[in-house]
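A.B. asks: Residue numbers (my numbering), protein chains in the order written: chain D, 12 to 217; chain G, 45 to 293.
Please note that the accuracy of each hint is not assured.
[As the list claims (entries may be wrong)] Chain D stretches covered by chain G per the calculated footprint, using a threshold of three residues with CB under 8 angstroms from any CB of chain G: (1) 68-82; (2) 150-161.
[Said to hold, decoys possible] Using C-beta positions, here's what the derived DEER-type ranges look like: (3) GLY190/D - ALA287/G: 51 to 59 angstroms; (4) THR172/G - ALA194/D: 29 to 37 angstroms; (5) GLU63/D - GLY291/G: 54 to 62 angstroms; (6) LEU124/G - VAL39/D: 30 to 38 angstroms.
Hints were generated in silico from the structure; no laboratory data involved.
Backbone N, C-alpha and C fix where the C-beta goes; we use that ideal spot for every residue, glycine too.
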Amino acid sequence: MEQLTDWLRRFRLLVDEHQTELTELDSVIGDADHGANMARGMAAVVAKLDAESSANIAELFKTVGMTLVTSVGGASGPLYGTFFLRFGMSAGPVPALDPGALGAALRAGLDGIVARGKAELGDKTMFDALAPAVDAWDESVTGGGSAADASVAALAAAEGGRDATIPLVARKGRASYLGERSAGHLDPGAASSTLLLSALADSLRA
Amino acid sequence: MIGIVVVSHSPALARAAVDLALEMGGETPPEIRIAAGAAGGATGTDAVAIAAAIDDVASPEGVLVVMDLGSAILSAGMALEFTTAGTRVVLSDAPFVEGLIAAVVVAGTGASLDAVGAEARAALAGKTAQLEGIGDDPIEAAVSAPEGDAASDRESESHVEFDAVIDNPSGLHARPAAMFVKTAARYRADVRVTDLTSGKGPASAASLIALMSLGVNRGAKVRIEATGPDAEAVARELKELVAGGFGER
Chain D
12 MEQLTDWLRR
22 FRLLVDEHQT
32 ELTELDSVIG
42 DADHGANMAR
52 GMAAVVAKLD
62 AESSANIAEL
72 FKTVGMTLVT
82 SVGGASGPLY
92 GTFFLRFGMS
102 AGPVPALDPG
112 ALGAALRAGL
122 DGIVARGKAE
132 LGDKTMFDAL
142 APAVDAWDES
152 VTGGGSAADA
162 SVAALAAAEG
172 GRDATIPLVA
182 RKGRASYLGE
192 RSAGHLDPGA
202 ASSTLLLSAL
212 ADSLRA
Chain G
45 MIGIVVVSHS
55 PALARAAVDL
65 ALEMGGETPP
75 EIRIAAGAAG
85 GATGTDAVAI
95 AAAIDDVASP
105 EGVLVVMDLG
115 SAILSAGMAL
125 EFTTAGTRVV
135 LSDAPFVEGL
145 IAAVVVAGTG
155 ASLDAVGAEA
165 RAALAGKTAQ
175 LEGIGDDPIE
185 AAVSAPEGDA
195 ASDRESESHV
205 EFDAVIDNPS
215 GLHARPAAMF
225 VKTAARYRAD
235 VRVTDLTSGK
245 GPASAASLIA
255 LMSLGVNRGA
265 KVRIEATGPD
275 AEAVARELKE
285 LVAGGFGER
């Protein structure tokens, strides 16, 4: 639980650090608000973490998800909100997660994003970074890896998925209005999702 | 009467759209709630606020949610997971302004959720028809949905028709068309309007958008047909409405 709270705090710091970069990516193919929206949302999440303590992991991530839903504003609100809500529901009212349960929670969050945004691999979305990351996590754990091992594998897969969005033509969200012109640019949602996994790897290795 | 929730990235846009719809909605508009903007005044949408608006406006007849684009759609979908309204909630894929106007006017007649939703959806077809100058196909599409029980009444019921000249200043556009739809909705009769001057129609008077799509101008001659148990009564009142210039003179 402490590590997971640490994950969220680290994610907030990474989002802050990369806020300008995320917004610049979004200004090329989107509406130039992803960095600001995520920074505002995660600032609200950390304020909640500071103000109140959660009894268990399910409760913690319900708070995180609902806070993002109300504070982000853009499409990343319901998408990240759904990710964390489903993560918490999968984890359940427990104080800790083993690597397998953490992977299942990540998978549930990913499935939630798919249900919400109807994205498929190659649509140039956050799914392109998260889906290979969750697969890599499972593969690592199946092979006997620890949570730290799995998080490193997941981060590498997310980075690969993120970079693979560059040549893609966007098929979801505002970027899809640009058609062919969206090719050649990194997807901002894939970039922020990779930060999420980067933060997770940092906290699990700390 | 159903409730309507208006979801937009912009509170100003939502308020203006609702004002416009109410201008045409007449004296008995449905309950409307706006859920627009994200927490702290940011541009965006908030699924929790949308769910609260749905709960607030919920009636046994159901709730129609009209939204703008992008995150509004994601947030409205998510709001369905949070609402405790316990009534049927439909997310409309209608164009924001046109769909909202159609929904408010038709909901004000006491129409069912399905009928209001169908009318809102038909708003885009109505606009397409007006722009292309081809009225036939979209008018048919709009007519079919809210027809209701009228078709089954038709065989055994009386039929009344009369011709009239539309001579109020704005023709059969927004507000007069809304009055026409509301009047027709109070009777058990299938009412159809044909613009004899332009040759467009017939359009069902159950559908505001279909009626507006006829584009009946001042001076046009129209044929009004009523079929059903109340055919005579509705024809009488519509005749008076047209003769009185829809109160515009």
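A.B. asks: Each of the hints needs a verdict: does it hold here or not?
C.D. replies: Verification of the supplied hints:
| no. | hint | in the structure |
| --- | --- | --- |
| 1 | 68-82 | holds (count 4) |
| 2 | 150-161 | violated (count 0) |
| 3 | GLY190/D - ALA287/G: 51 to 59 angstroms | 54 angstroms, holds |
| 4 | THR172/G - ALA194/D: 29 to 37 angstroms | 31 angstroms, holds |
| 5 | GLU63/D - GLY291/G: 54 to 62 angstroms | 59 angstroms, holds |
| 6 | LEU124/G - VAL39/D: 30 to 38 angstroms | 33 angstroms, holds |
This entry does not satisfy hint 2, going by the numbered hints stated previously; all others are met.
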